[in-house]
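Undergrad: Here's the letter readout for the chains.
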Amino acid sequence: MKNHPINMEKVIEQTEQKKLIEACLAGNREAQFRLYARYASTLLNSAYRIVNNREDAKDILQDAFIKAFQNLNTYRRQTNLEGWLRRIVINTAINYVKKKRLLISGDLDKVLHLKAQEAESEPSWNRNVDVETVHQCLMELPTGYRTVLSLYLLEGYDHQEISDIMGISVSTSLTQYARGKRKLASIIHKRQQHG
Amino acid sequence: MDRLEDFFRSNRKEFDRLKADASIWEGIESRLEPATEPVQAPIRRSLWSNYGAIAAALALLVVAALWLYSPAPTTVPPLKSRVGLEVNDIFPDIALRDPDGEIIPLASLKGKIVLVEFWASYSKICTEDHCYFFKPIYNEYKDKGFEIYAISVDSSAASWVDAIQRDELDWLQVSDLEGFRSPMVDLVEDNQLPTTYLLDQNGRIIAKNLDVELLEDTLSQILAFN
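Protein sequence lines, in the order shown, are assigned to chains A and B.
Heads up: the first sequence begins at 22 in our numbering, then just goes up one per residue.
Heads up: the second sequence begins at 415 in our numbering, then just goes up one per residue.
So that you can see chain B by itself, here it is in the shape it has in the complex (with noise of 0.2 Å):
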């Protein structure tokens, strides 16, 4: 047994006695203290108006949530004004092409925690980036709740395709094959690769490039019940 189990072990009475915030605690204190409440007085009363709260919680929940998921416009406003993104904006909802020529939404994502990456088959640290972090968080993570959304800024598909096939990349791979004429560029933050971000269930951005030692510890926080 190490030091801290020990600590717990010994203190674990003391864990539970814990009473911190006192002005926090009134709520539930008040209504155990006889003085101020008669005993007779029936608990389900105080726990059904709170229920109401819950209630009224609840249904301004289910508006936000409406509104947030009410259908994007079907024109994407130009990714020009769009520049900038940062933490807490909602990416932008594009959609582009895998090797297959399938149309890969990235709003078909959603519900699910997404890696945005933007790389190039010429740039080694993109490569490195792949073999060496991505993949075992991917393989520990995609059945979890993640995707990976990797948008190539080659211009060429054979050399797209043959980094995806070399280094064997199965997340998803779209790109336009614009190079760095297509408009996806201007979410490449300072022209460097990679550029990533990481997006929450709702597509919203809770991390822009995000340092990949990083990226495990915090998915395995996010997903931690999925």
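In isolation and in its complexed conformation, chain A is listed as follows (with noise of 0.2 Å):
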């Protein structure tokens, strides 16, 4: 019979976790600081995607913390805290955008910016390209195309979800989603020829 090794330090994790939602449920201010200090750094990124200014970011991802140790009693241990978390800070992120109409301008300038990229480039781009370079690239996109394609290839959205969640059809999240992805593309490859 083949033994099943059991991933001791899963097993830690998750009753450490357990234990830490449980003493945030009771109310412990340090449990509520730990699991926070925990992921904070990852969803700050998660946030930041999204709203593209990281003053910004740190305001919802506390905003985003009240919310959920305000509800953490609906948490559910079977799924991810961490996925968990996740949507709520996308969540909060997006309802901001939603409401402060003011990146107008900025995503102008990107927009009239893409347009001279491809212009004088094809959207090929060399692999070799590290993950900063590449999310410096990402957060040169205009809103739309910024936070459809981070919901989808880093937050794990399908373009169901990305639908609701944005208030779009599905149709304009592919839409949105195919024509980001070129223009990311492009934006690396000008980036890559010019150094």
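Source of the hints: derived by calculation from the structure; they are not laboratory data.
We put the CB at the ideal spot given by N, CA and C, even for glycine.
Mixed in with the good hints there might be a few duds.
To be verified - Only some residues are given here: those of chain A computed to face chain B with a beta carbon under 10 Å: (1) M29; (2) T95; (3) L129; (4) L162; (5) T196.
Put the complex together from the two separate chains, hints included.
TA: If you want it as structure tokens, here you go:
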């Protein structure tokens, strides 16, 4: 009979997480702080990719954690805690963008900039590129493309979910995704050509 | 799966670990560092103090919004003094009649992204723009917070209305039918038709004579969440 090894690390992690959540539910501030500390950095990236501004992303993160602590009793153990928190952060970020429509002029600059880049380059890029550069290129995209791309490629949403959360149709999500990808490729390519 | 998707999939964790520009991260990291803040530090305090800042910012925004939304003066300054509108200027608050004689104030479109277009029935370029570019764009975005306010500089009502019917233009059409004697003509750059202005939800100019091919890109991004 095959011996199934027990992943001790995972068991310990799950036990710790369970204890942490229980302590948070009991209102223990140290526990809340530890939970926050554990996921803040990753989740800040998720918020940042949507709002494209670190100060706003930090406010969103704090708002999202307040919501999370208030609703922690609705969290189901079977689901992944990070995924649950991530959804709250992304929902908060998207609502923030919906309310704050001041991103407009910045977006127009980005559209114009993109057009200039596309004219000059074919979107064929070299796979030998680092994550940080690609991330910077992603942040050069205007809001619509950037959000659809990060939700699909990094947050693991499908087009139906993107359509629900952004309030757009599935076909719009698909087109924005296809176009956004092409535009991202041309930015990466341009960056590689010019170092 | 294409190369881009593959790249993101295989580096997904790396994207989460990215830490750019350390100085901006300090705010959060200092709160996470036990050395700089005792573990017992109530998390709520730091959260709420931040709320204070948010509240102050909100109050400022409200004041700014009230100021921006304050009713426009009842007498519009003569357009002559407004020549040379630039990006970021507020577009003058004009109101012209449609073919049925209804007055349509531009201000009634507040809250929408508005393309103001100056055109004339006899301009071939205008007709081409309308048929090949404006129509598909208008159909796609009219329900998502976009409107076209087309000002004709025709002087003949008949040729104006004919062109609208011939090309089946279903966006807002207005004119004072004064031709090039109209004070509106001051807003037509270098007497070039068409001249267009793209206005944001508050009537502020975000682009002038935007290339029609770029118009769709711009709208798809600005109205991405509508």
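Undergrad: Hint by hint, note whether the structure agrees.
TA: Cross-check of the supplied hints:
1. M29: Given a least distance of 22 Å, the restraint on M29(A) is violated.
2. T95: With a minimum Cβ separation of about 20 Å from chain B (threshold 10 Å), the hint on T95(A) is violated.
3. L129: With Cβ-Cβ at 6 Å, under 10 Å, it holds.
4. L162: holds, 9 Å
5. T196: For T196(A), the interface hint holds, since the closest Cβ of chain B sits about 8 Å away, which is under 10 Å.
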